[in-house]
Amino acid sequence: MKKPSGHHFDQIFFYFLRLSGWSLVIVLLFMMGSIFWMSLPTFKNSGLGFFVSQNWDVFKEDFGAWPFIYGTVVSSFVSLLLAVPVSIGVALFINELAPRWIAKPIGFFVEMLAAIPSIVFGLWGLYVLVPFLRDYVQPGLSLVFGWLPFFSGPPIGVGMMAASVVLAIMITPTISSICREVFASIPHSTREAALGLGATRWECLKLAVLKSSFPGILGATLLGLGRALGETMAVTMVIGNVAQVKASLFAPAQTMASLLANEYAEANSDAHLSALTAIGLCLFIIAIIMSLLAQLVVDRFHKKVHGR
Amino acid sequence: MTDLRIDRTLENVEKEFLTLGSLVENILSQISELIKKRKFAPDSLELVLDCEKKINNQDRRLLKVCTESLAKESPFGMDLRFIIAVMKLSADLERMGDQSRNIAYLIKDYLNHTTTKVDQDIIEMCNQVQWMVRTSIEAFMKRDVLLAERVRENDQIVDDILADMRSKCTDMMKQDTQLVETGIDQIMMAKNFERIADHATNVAEEVFFVVRGHQSFDSYKGDNL
Amino acid sequence: MKQVVEVKGVSAWFGSLHVLKEVSFSVHENEVVALIGPSGCGKSTLIRCLNRLHEEVQDAKISGQVFLEGQNIYGPNVDAVTIRRRVGMVFQKPNPFPGLSIFDNVAIGLKLAGVHNKAILQERVEECLMKAALWGEVKDKLKNPGLSLSGGQQQRLCIARALAVSPPVLLMDEPTSALDPLSTASIEELIAQLKKTVTIIIVTHNMQQAARISDKTAFMLNGELVEYGRTTEIFTQPRMEQTERYITGRFG
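Residue numbers (our numbering), protein chains in the order written: chain G, 1 to 308; chain X, 1 to 225; chain F, 1 to 252.
Any given hint could be a false lead.
Here are the simulated DSS-like cross-link-like pairs (lysine-lysine), alpha carbons at most 25 Å apart as the crow flies [to be verified]:
no.	chain 1	residue 1	chain 2	residue 2
1	F	K141	G	K304
2	G	K303	F	K93
3	F	K118	G	K211
Residues of chain F clear of chain G, computed beta-carbon distances all greater than 12 Å [to be verified]:
no.	residue
4	Q58
5	D59
6	F67
7	L182
Calculated from the structure, these hints are not laboratory results.
Source: prediction; values computed, not measured.
Backbone N, C-alpha and C define an ideal beta-carbon position, used for all residues, glycine too.
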């Protein structure tokens, strides 16, 4: 076969690029379309009340998404609450404070955390974390803070708290490694400028590193949130799998992802499948909203910090 | 050595300076010829004037090259001192041309007179001055402070010859009033030669300035080398 | 004239790399001293020894004494943070703090030193921006981010920031090398004005700049101070052959 001349090859190449670009859009639209189509029967049945109903009766074919939306959102946000300060702390420690011979191994271990498969986290969560929470942490919290609705109820180990903790551990490497990159991208002279003005070590970090990293840290957080929202296996194994809305973190719950993992295999009726798909659509939409929000917020803060 | 742009610029300045120096040596040779051979052809004066005009033109050209080199290179240290020295000496060399022209005019009348015993002194002075001009330029080009010092010391010799001639001429004119015009011409020629010697001494002194930034050998000697 | 900075036998290392070798010289009040020399000669390290920034680098060591207005900044019980408030520093690439407004950038030094009175801050910020010849251009947009200014303006902002705590000495590490010629010229003019109230030590690799703006020049090579003297002498008739070779561009 004759080798195409430069000009022809250019054209072929650009067609290929255009195809690749559009193909992803097409796949996304197709996914959205098919999920929406499959969940249509549920909305025909329950209407928009689907999103706020707490019922989940397979036989009566009465489905509601609210407990699962609640479970997903709360577990993700609590995990962020735990993970973000720790991730920032770890990133600051490795990048700014620790001497090289300590920083390297710690950094390595944090990266290793990210490599652990989700199911392994689930197993560890179930057999190590849950008993620990049940026997020590939750009774302790109950004693001191039992008057708060968050720490009321019996300490059974599995539940929102276990799921949040596992999620927090899983998303920390993600958030911290992005934070590390953001911190590293700040030119050394900015820190020198802070020190040169007579800032202490901490004042220097606050002024030169944290203040200007805010958009980056926010972006890292939102990325971690995205991961937490969709995390399935580890959460399923420790969250208790009870479709309920309770204020207490001790209580078992259910996330959208864990519900799907649990029930998809056994769903027989079309109504059930449709309801599950509707839940999937929910998750999909929430994930997209988070992603768009992330872009907007990061962009706005970037302008505020960097002026252009 | 390396082929740096600044070195090429400096070489160009040196070349133009040398051209000016050669023209001055040329005009002195012409005058020397006239004095020694005692022959003044119809176009002799014209040749001298022509050479002097060339000297003036080259002086202007050299000045221009130096100014442009300073603007282009913003030199420091010895490079800066060298270019500044060349600009200064350009004026000295141009004055040498003027003095040579003056001498040429005087020679015409001088050769019409009878010879006197002072003629030898004039020839001696001419030789001394030629040597000083040639050697001072050589010292400057080579940055040779010892050679420059020898030229400086020689200025005294020329001054002595002038003083000697002055007294001889005075005696001569007192004894024979017919020789007054001759005497005056001789003294004026000698004075012009002496001025050329002074300018050559300036050239020698600039060698110290270029090499060490000092004007004279004395302050140069005082430095810890 | 009063001696503001005296450097005595300062040597410095990065780990086992010996970067400064027994450097000694002194700077008098309201002088502008330029440090020149080829890359790696130690000039940037030297100024970082004058405000104790050198020791912030891992494995950095220093020996010798540096006297700031008579006090040895490396003496026992001397707090580095306090010293740094008395020595201002401006860097090669303009670096206003991101996330801070123009006003806050200038005020931050004062806030770090414990000054929070709004009236005082307002007054000092205006004064320093005027000293940095920037007030006219920014007085209506003090709340804008520091980074919204042009390169030359940012550098003047950094100068105002450094001056806010009224240090007696201002260190400048190649302050104009990242700027265009017009901005460079305006900062050089600024330095000529600033020297009336502040003593300036400036590192520069631009010899013409050193010749234009400084009173004294120090030439460094391989961590050693080769020659130190009046700028006019260093650039017209230096004493050391190495200095001559460097300033005539025949180095290397």
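For each hint, the structure was consulted:
Taken as a hint, the K141 of chain F and K304 of chain G pair is honoured in the structure, with Cα atoms around 14 Å apart against an allowance of 25 Å. Among the hinted pairs, K303 of chain G with K93 of chain F is consistent with the structure: their alpha-carbon atoms are about 20 Å apart, no more than 25 Å. For the suggested pair K118 of chain F and K211 of chain G, the alpha carbons sit about 22 Å apart, so the restraint of at most 25 Å is met. Distance check on Q58 of chain F: its Cβ comes as close as 6 Å (rounded) to a Cβ of chain G, failing to clear the 12 Å threshold; non-interface status is violated.
The non-interface label for D59 of chain F is inconsistent with chain G: the shortest C-beta to C-beta separation is roughly 9 Å, within 12 Å. Chain G leaves F67 of chain F outside its interface by the beta-carbon criterion, the shortest separation being 19 Å against a cut-off of 12 Å. L182 of chain F, annotated as away from the interface, keeps every beta carbon of chain G farther than 12 Å; the closest lies near 21 Å.
Taken one by one, the earlier hints fail for this structure at numbers 4, 5, listed in ascending order.
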